[in-house]
Amino acid sequence: MNAVEARGLSKRFGPKLALKDVSFDVRKGEIMGLLGPNGAGKTTTVRILTGILRPDSGSATVMGHDVLEEPLEIRRCIGYLPETPCLYERLTVEENLAFYGRLYDVPEEELRRRIRDLLALVGLKDRAGEKVGALSKGLKQRVAIVRALVHDPPVLILDQPTSDLDPASAKDIRGLIKELNRSGKTVLICTHNLTEAEELCDRIAIINEGCVLAVGKPGELVKDLEGSHHSFEISSFGSISKYLKVIEGLGGVLEVKQVGEDRAVVVLEDRKAISAVVRELILKGCDVLEVRMLRPGLEEVYMRLVRGP
Amino acid sequence: MRLDKALLIAKKDWKDAFSSKAMLASLVLSFALTVAVSVLLTAALALGPDPGRYMTEEELTALRAVLPEASGMTVRQLSAYMVGVIIMPFLFMTMSLAATSILTADSFAGERERKTIEPLLAAPISDSELFLGKVLASFLPTLTSMYVSFGLTCLLINMLTVGLFGCLWFPPLKTVLMVCVLTPAYAFLGMCIVVLGSARASTVKDASNYAAILFFPLLAVFMGQVFGSLVVRTAHLLLAAIVLVALDFLFVRLARHAFSREALIVAR
Ligand SMILES: Nc1ncnc2c1ncn2[C@@H]1O[C@H](COP(=O)(O)OP(=O)(O)OP(=O)(O)O)[C@@H](O)[C@H]1O
Ligand SMILES: [Mg+2]
Numbered sequence: 001m002n003a004v005e006a007r008g009l010s011k012r013f014g015p016k017l018a019l020k021d022v023s024f025d026v027r028k029g030e031i032m033g034l035l036g037p038n039g040a041g042k043t044t045t046v047r048i049l050t051g052i053l054r055p056d057s058g059s060a061t062v063m064g065h066d067v068l069e070e071p072l073e074i075r076r077c078i079g080y081l082p083e084t085p086c087l088y089e090r091l092t093v094e095e096n097l098a099f100y101g102r103l104y105d106v107p108e109e110e111l112r113r114r115i116r117d118l119l120a121l122v123g124l125k126d127r128a129g130e131k132v133g134a135l136s137k138g139l140k141q142r143v144a145i146v147r148a149l150v151h152d153p154p155v156l157i158l159d160q161p162t163s164d165l166d167p168a169s170a171k172d173i174r175g176l177i178k179e180l181n182r183s184g185k186t187v188l189i190c191t192h193n194l195t196e197a198e199e200l201c202d203r204i205a206i207i208n209e210g211c212v213l214a215v216g217k218p219g220e221l222v223k224d225l226e227g228s229h230h231s232f233e234i235s236s237f238g239s240i241s242k243y244l245k246v247i248e249g250l251g252g253v254l255e256v257k258q259v260g261e262d263r264a265v266v267v268l269e270d271r272k273a274i275s276a277v278v279r280e281l282i283l284k285g286c287d288v289l290e291v292r293m294l295r296p297g298l299e300e301v302y303m304r305l306v307r308g309p
Numbered sequence: 310m311r312l313d314k315a316l317l318i319a320k321k322d323w324k325d326a327f328s329s330k331a332m333l334a335s336l337v338l339s340f341a342l343t344v345a346v347s348v349l350l351t352a353a354l355a356l357g358p359d360p361g362r363y364m365t366e367e368e369l370t371a372l373r374a375v376l377p378e379a380s381g382m383t384v385r386q387l388s389a390y391m392v393g394v395i396i397m398p399f400l401f402m403t404m405s406l407a408a409t410s411i412l413t414a415d416s417f418a419g420e421r422e423r424k425t426i427e428p429l430l431a432a433p434i435s436d437s438e439l440f441l442g443k444v445l446a447s448f449l450p451t452l453t454s455m456y457v458s459f460g461l462t463c464l465l466i467n468m469l470t471v472g473l474f475g476c477l478w479f480p481p482l483k484t485v486l487m488v489c490v491l492t493p494a495y496a497f498l499g500m501c502i503v504v505l506g507s508a509r510a511s512t513v514k515d516a517s518n519y520a521a522i523l524f525f526p527l528l529a530v531f532m533g534q535v536f537g538s539l540v541v542r543t544a545h546l547l548l549a550a551i552v553l554v555a556l557d558f559l560f561v562r563l564a565r566h567a568f569s570r571e572a573l574i575v576a577r
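These protein sequences, in sequence, are chains A and B. Take the first sequence: its position 263, counting from 1, is numbered 263 in my numbering, and each next residue is one higher. Take the second sequence: its position 36, counting from 1, is numbered 345 in my numbering, and each next residue is one higher.
One thing to keep in mind: the hints can contain errors.
[Unchecked claim] PhoX-like cross-link-like pairs, simulated, lysine-lysine; straight-line CA separation at most 25 Å:
#: 1; chain 1: A; residue 1: Lys272; chain 2: A; residue 2: Lys284
#: 2; chain 1: A; residue 1: Lys131; chain 2: B; residue 2: Lys330
#: 3; chain 1: A; residue 1: Lys131; chain 2: B; residue 2: Lys424
#: 4; chain 1: A; residue 1: Lys137; chain 2: B; residue 2: Lys324
For the record, the hints were derived by calculation from the structure and aren't laboratory data. Fair warning: this is a prediction, and the values are worked out from it, not measured in the lab.
Sequences and hints are given; from them, build the entire structure.
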């Protein structure tokens, strides 16, 4: 059984079709990323999974519970961090957390212990009595994460947990997410941050305009893209312009672009053709300095899928 | 439906709303003022200079006409009686209506305005538990303050006027009906209207304004009595109570219907 299964989810807001036939799985114990630009439908998807929105069609389960049939069970399984911290600013950190703990039926003693331990985990040990309104954005985000953890759920759904945070705080939060994952939590994380997706996620689903465009391990997605074309950057001592014609004429060469006075990028059908290209350049008198294979990153995959080739 | 979950939400709302000293002060002050005005006015008329001096014969006749049950009273008694059955219930009704609508707007539209609703909707509680929690949060503080201040008013008025009437006369049945039955029923209707409004309005201020339309019928009944053209009898009040309770049932259903998870999160 997968931790989360989404099958053919569609959702319309008035004239706007926000989700079209979205399907994906989150396996138990993994960190899965929903990666997509603004307005892609990430938040809408996770709101359906938490039972806040009803899908127009399609179905979804979380830990085997159906979102439409058993909303209370699925909500108990999920720790949800919305896009904004959503804390009661006029209440203290502890009051916020205790309120949610009680809503989730955490026994009082256990609750007090958990609040203490979790606040210590996120570095807010001494701030329990402070009003949330007095905390900085980054600290509020940490409190909101603790709120998502207070009932010790097996699945965490985090909607852009590090947006709005400074690089150091974002790094801390990513570290925390990894640690929670290691301790056995399944994580579904929405993000438009490629580095974050690459660093954190075991698998990602790239989503745009309400459609899932690709699902896989970051490495696999890159490899799939690599399968169709191979780019090399060749640099030489001195100008390379007069050799461009030579390269263009060779078999297996799809494209040649000059990217600097002494550098050109060659796109090949098959990477083995690079040897022939280099041999020919040397024969023609070009002083080759360096040949480097350009590996596409997740960014290329993402740009290609989201923007088109 | 689990009452403890609803109460948990209500308690959270009270803590949240009353952590703002202004909110607490306005609730306490508005009822303190109602008590003070009612008691001072009664005291002035019952113990001060003869109220007959300020009224013409026609005015007295008109007053006796709208309060037929007080036909045997002296001018002094009649004046105190008028405060107890016309002015005081009007004050209690308007104050309760205002207090409930402010609290309701804070509880329903406030969660939306302050963007705190989403994790609450993701928590394992049913829509009905959430709704009941919010209703209790909005309604109980007003109801409690109202009954406490009414009790206090009764005590003080009786202390001041037991000599004048020769007995503990306050509250008469009409006042009991208006304050103890009609006022809560009316405030409850106001609450439902604000809940319906909260589904449309995005700010607390806009939402609390919806109940203002309920102020005008009250004012009309008050003015009608003061100007001597409206006689309110016990039977009228009983009828009003039945109509109001029916309206309460209708409107609370409408409000419950407008209060769905999806409606709370989807922007308009
Ligand atoms: N409540 C709503 N009412 C109307 N349209 C909505 C609503 N919520 C989302 N949408 C629309 O649905 C689409 C998907 O929105 P969604 O919030 O899911 O995107 P997202 O991927 O979370 O974007 P972001 O990265 O900006 O958070 C958008 O076009 C948005 O305008
Ligand atoms: Mg979003």
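Each hint tested on the structure:
no., hint, result
1, A:Lys272 <-> A:Lys284, "holds, 20 Å"
2, A:Lys131 <-> B:Lys330, "holds, 15 Å"
3, A:Lys131 <-> B:Lys424, "holds, 17 Å"
4, A:Lys137 <-> B:Lys324, "holds, 23 Å"
The structure shown violates none of the earlier numbered hints.
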